[in-house]
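Protein chains: 2
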Amino acid sequence: MQAENLLADRTRNMGASAIREILKVVSRPGTISLAGGIPAPQSFPMAIIREITEAVLQKYGSEAFQYGLTEGFPPLREALAAYLETKGIAATPEQILISTGSQGVLDGLGKILISAGDRVALEAPTYLGALQAFTPYEPRYVQIETDDQGMLPEALDAALARHPVKLIYLVPNFQNPTGRTLPMERRLAVAEIIQRHDTLLVEDDPYGDLRYEGTPIAPIKTLAPEHVVYISTLSKVFAPGLRMGFCLAPEPVQRWLVLAKQGVDLHTSTFDQALAAEYLFGGHLGCHLPKIIELYRPRQQAMLTAMDRFFPSSFSWSRPDGGMFVWVQGPVGWDMEAVNRTAVERGAAFVPGTFFFAHPGEGKETLRLNYTMADEATLSRAIKILGGVFEEGAKVFQKGTSSAFRSSSMVSARC
Amino acid sequence: MQAENLLADRTRNMGASAIREILKVVSRPGTISLAGGIPAPQSFPMAIIREITEAVLQKYGSEAFQYGLTEGFPPLREALAAYLETKGIAATPEQILISTGSQGVLDGLGKILISAGDRVALEAPTYLGALQAFTPYEPRYVQIETDDQGMLPEALDAALARHPVKLIYLVPNFQNPTGRTLPMERRLAVAEIIQRHDTLLVEDDPYGDLRYEGTPIAPIKTLAPEHVVYISTLSKVFAPGLRMGFCLAPEPVQRWLVLAKQGVDLHTSTFDQALAAEYLFGGHLGCHLPKIIELYRPRQQAMLTAMDRFFPSSFSWSRPDGGMFVWVQGPVGWDMEAVNRTAVERGAAFVPGTFFFAHPGEGKETLRLNYTMADEATLSRAIKILGGVFEEGAKVFQKGTSSAFRSSSMVSARC
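Chains as they are written, first to last, in this note's numbering: chain A, 7 to 421; chain B, 7 to 421.
Don't take each hint at face value.
List time: in silico BS3-like cross-link candidates among lysine-lysine, alpha-carbon distance up to 27 Å [claimed, not checked]:
hint	chain 1	residue 1	chain 2	residue 2
1	A	Lys390	A	Lys401
2	A	Lys65	B	Lys297
3	A	Lys93	A	Lys297
4	B	Lys93	B	Lys297
5	B	Lys401	A	Lys65
6	B	Lys401	A	Lys297
7	B	Lys401	B	Lys390
Think of the hints as simulated: they come from the structure by calculation, not from any bench.
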C-alpha cells in the first residue's frame with residue numbers, strides 16, 4: 007500500500023534525521039568519534055548493580071514488575087524529592103512526575119501545550135532532542151541569541167515583547183551542544199522576565215551534577231517556581247539505558263502531563279524506577295558521582311590542552327566547567343559538514359553545529375566535540391587529526407582559492 | 007500563572023479520565039475489585055528472575071545500561087522474530103520495532119498518521135487505551151458494529167465505502183473489554199476488505215497467548231501483511247511493569263514510527279529489553295506460559311459458574327476462550343455507573359461498560375468483569391454480591407417504579 011499517503015500533516019515536518027546518518031558514518035572502525043553524546047560505560051555503577059538489584063527484589067518482590075501509577079513509583083518520587091532538596095528545590099514526592107527519559111517530558115509538554123503555529127523560544131544553538139520532541143506539534147521557533155554565558159536575557163525580553171510565546175526552553179548548566187552555563191545574574195534576569203511576561207520556562211538540567219570546576223548555581227526553578235518546569239534525568243549519573251527522567255512542574259501542568267503520559271506509555275518501567283530509587287536511597291549516588299567526575303575531568307582537560315596546541319588561531323571554543331561537550335567556532339564561511347567528511351577520512355569525527363539550530367542553514371561554521379567516550383590519549387590523537395584538517399583548510403581559505411570547506415550560503419555567526 | 011490558558015487545542019479533548027476515578031474508589035479496603043485489567047502478580051516468573059538478571063549481566067555487562075538504538079535491542083528483536091514465527095508471522099529482526107509498552111506503538115501511530123478530523127474505525131466497544139492514545143491527535147471515531155464474534159465485516163466494509171478511514175483498530179483475540187475472538191472466516195473477510203479499500207489495519211494482540219480452550223487462529227497480519235500493523239506485548243506473559251511492547255509494520259510505517267519514537271523516548275529501557283530477550287532466548291516463556299494459563303483458567307471457570315448461578319436471567323455475557331475479561335450486558339435502560347456505586351457499597355466492583363465506547367453515553371447497560379486478580383473463592387463471593395445487586399434492581403425495574411439504576415438517556419444496545 008502507499009503508506010506515505012496516509013501520513014498526518016505533522017509528520018511531513020519531522021523529516022529524516024541527518025544527524026543519525028552522520029552518527030552511522032562516524033561509527034565505522036578506525037574512526038575516533040567525538041560526535042556522540044553518550045556517557046562512558048565506565049561511568050556506570052556496575053560494581054554495585056547486583057547489590058541494587060537484589061535489594062529491589064528483596065524489598066519490592068513482584069511489585070517491581072507490576073503495572074504502576076502513571077505519576078511514578080512512590081519510593082522513587084520520595085528519593086527524588088530528597089535529591090532535589092540538595093539543589094535547593096523544594097518539592098513533595100507528589101509534585102514529582104517520573105518520565106521515560108527526560109525526552110518523555112519534552113514530548114509531553116509539546117503535546118499538551120503546543121498548537122500548530124504556537125511560538126517556542128529556545129537558545130541558538132539548542133538541544134537537538136528538544137527540537138525532535140517539539141517539532142511534531144508544529145510550533146514556530148523563535149531563536150534567542152546567546153553568547154559565551156548562554157542566553158541573553160535582553161534578547162529573551164525583546165522576543166517575549168514582540169509576540170506571545172507558549173514556552174521557553176533552555177539548558178542552564180553545561181548546555182548541549184555548547185557546554186555553556188548561565189550565570190546567576192542572568193538567571194535572576196530570566197526569572198524576572200518570565201514572571202513579568204507570565205510565560206512558562208522549561209529548565210532542562212541533565213548535566214548539572216557533572217561539575218568539574220567552580221560551585222553550583224541555583225536553578226531558575228528556585229527563583230520563579232510557578233513559572234518553571236524543571237526537568238532532569240538519571241542518565242548521566244546512573245545509567246542512560248534505564249530511561250529515567252523526571253520533572254517538577256506547576257500543578258496544572260503536571261496534571262495534564264500525567265494525562266498525556268497515560269496515552270503514551272501508561273507509566274515508566276517499574277523495575278527501572280525501583281532500581282533508581284534504591285540507587286538514591288542506598289546513598290550510592292553520593293559515593294559514585296565523584297568517580298564519574300574524576301573520570302571525565304581529565305578527559306576534558308586533555309582535550310582542551312590538545313585544542314590549545316593543535317587548533318588554528320582562527321578557531322575559538324568554549325571552556326566549560328562541566329558536562330560533556332566543547333563547542334567550537336570556525337571562521338565565518340566554513341562549512342563544517344564538508345570539513346567533517348574530510349576529517350572522517352583522516353580518522354576523527356565530530357558533529358557539525360548546524361544541526362543544533364532551529365532554523366536550517368545556521369551555524370555552518372560551528373561544531374560540537376564530546377570528550378566522555380574516549381580516554382585522554384585517544385582524545386589528544388583525535389584533536390591532532392582535526393587540527394591538521396583545520397590548518398589545511400585555513401591555508402586554502404587564506405589563499406582565497408575555492409575550497410570544498412566553503413559554505414555555499416554565507417551566514418553570520420550567531421554565537 | 008494561569009497554566010490552563012497555555013493548553014494546546016488538542017488537550018481540551020483529552021479530558022479527565024473518569025475510569026481512573028472509578029479505579030480509585032474501588033480500591034478501597036474491603037471491596038473485591040473485578041474492575042482492574044492487570045495480570046496477577048503470581049503470574050510473574052519471580053522464581054527465575056535472578057537467573058535471568060544474572061544472565062543479562064554476564065552476557066551484556068554495561069551494554070545493558072547504555073543508550074541503545076531507537077528500533078530496539080538487537081537480541082530482543084531477534085528473539086521476537088523467532089517468537090512471531092510460532093504464530094505464523096514471518097519477520098526479520100530488522101522489521102520488528104520495540105516500544106515502551108504496546109501503548110507506545112498506539113501513540114506513535116496516532117502521531118504519524120492522524121491529522122485533526124481524520125477518521126479512525128474501531129470496534130464498539132473497544133480498548134480504552136487506544137482511545138487515550140489516539141484522541142490527542144483529534145480523530146473522528148467511526149464505531150463498527152460488533153456481535154458475539156467481534157467486528158462485523160459487512161459493517162466495516164460499509165463504513166470504508168462511506169468515508170475514507172485513516173486506520174482501523176481491532177483486538178482480534180479475547181478482546182478487551184469483551185473477551186470476544188474474531189473467527190477465521192471474519193479474519194479472511196477483514197483481510198479482503200482492507201486490501202480492496204487499501205486501508206491500514208492495526209491488529210493489537212496482547213492476549214493471544216492466554217488461550218484456555220480451543221486452538222489459535224491465524225493473525226490477520228498473516229493474511230494481508232502489507233496492510234496490517236501487528237502489535238503485541240510481553241505484559242501478559244512476562245511482566246507488565248517492564249513496559250515491553252513491539253510491532254511489525256509495513257516498511258514505510260515502521261520508518262516513520264522510529265522517527266516519532268526518537269522524539270518521544272529515544273528508545274525503550276535497554277536493561278528491560280535485555281531481560282525480555284533472555285526470557286525468550288532461555289526458553290522460559292515456553293515453560294512459564296502453561297503455569298499462567300493454569301492460574302487463570304480455573305479463575306475464569308469459577309467466575310462463569312457463579313454468574314450462571316447468581317446473575318438474573320435478563321442478563322447475558324460472553325464466555326471467552328481466553329484472556330482476562332468477561333463482558334456483561336444488562337437489560338436496556340439500566341445505568342451501570344449507578345449500579346456500580348451500589349455494588350461498591352456492598353463490597354464488589356466492576357467497570358461500567360460505557361467507558362469503552364468512543365461515543366459518550368453508549369453502552370450504559372454493559373459492564374466488564376476481570377478474573378485474573380482474585381482467587382476462585384473470592385471471585386465467587388464477588389459474583390454473588392453483584393448477583394444480589396442485579397436481582398434487586400431487576401425487581402424494581404419490573405415494578406415500573408423509578409429506579410436509581412435507570413439510565414437517564416435510553417440508548418440502544420450495540421453489542
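Tested hints:
A hinted pair counts as satisfied when its Cα atoms are at most 27 Å apart, and A/Lys390 with A/Lys401 qualifies at roughly 17 Å. Between the alpha carbons of A/Lys65 and B/Lys297 the distance comes to roughly 25 Å, so the proposed pair stays at or under 27 Å and holds. For the proposed pair A/Lys93 and A/Lys297, the alpha carbon gap of about 20 Å is at most 27 Å, so the pair holds. Proposed proximity of B/Lys93 and B/Lys297 is supported: the alpha carbons are some 20 Å apart, at most 27 Å.
Under the criterion of a C-alpha separation no larger than 27 Å, the hint pairing B/Lys401 with A/Lys65 is inconsistent with the structure, at around 50 Å. Taking the CA atoms of B/Lys401 and A/Lys297, the gap is about 73 Å. The hint is violated against a cut of 27 Å. The straight-line distance between the Cα atoms of B/Lys401 and B/Lys390 is roughly 17 Å, inside the 27 Å bound, and the hint therefore holds.
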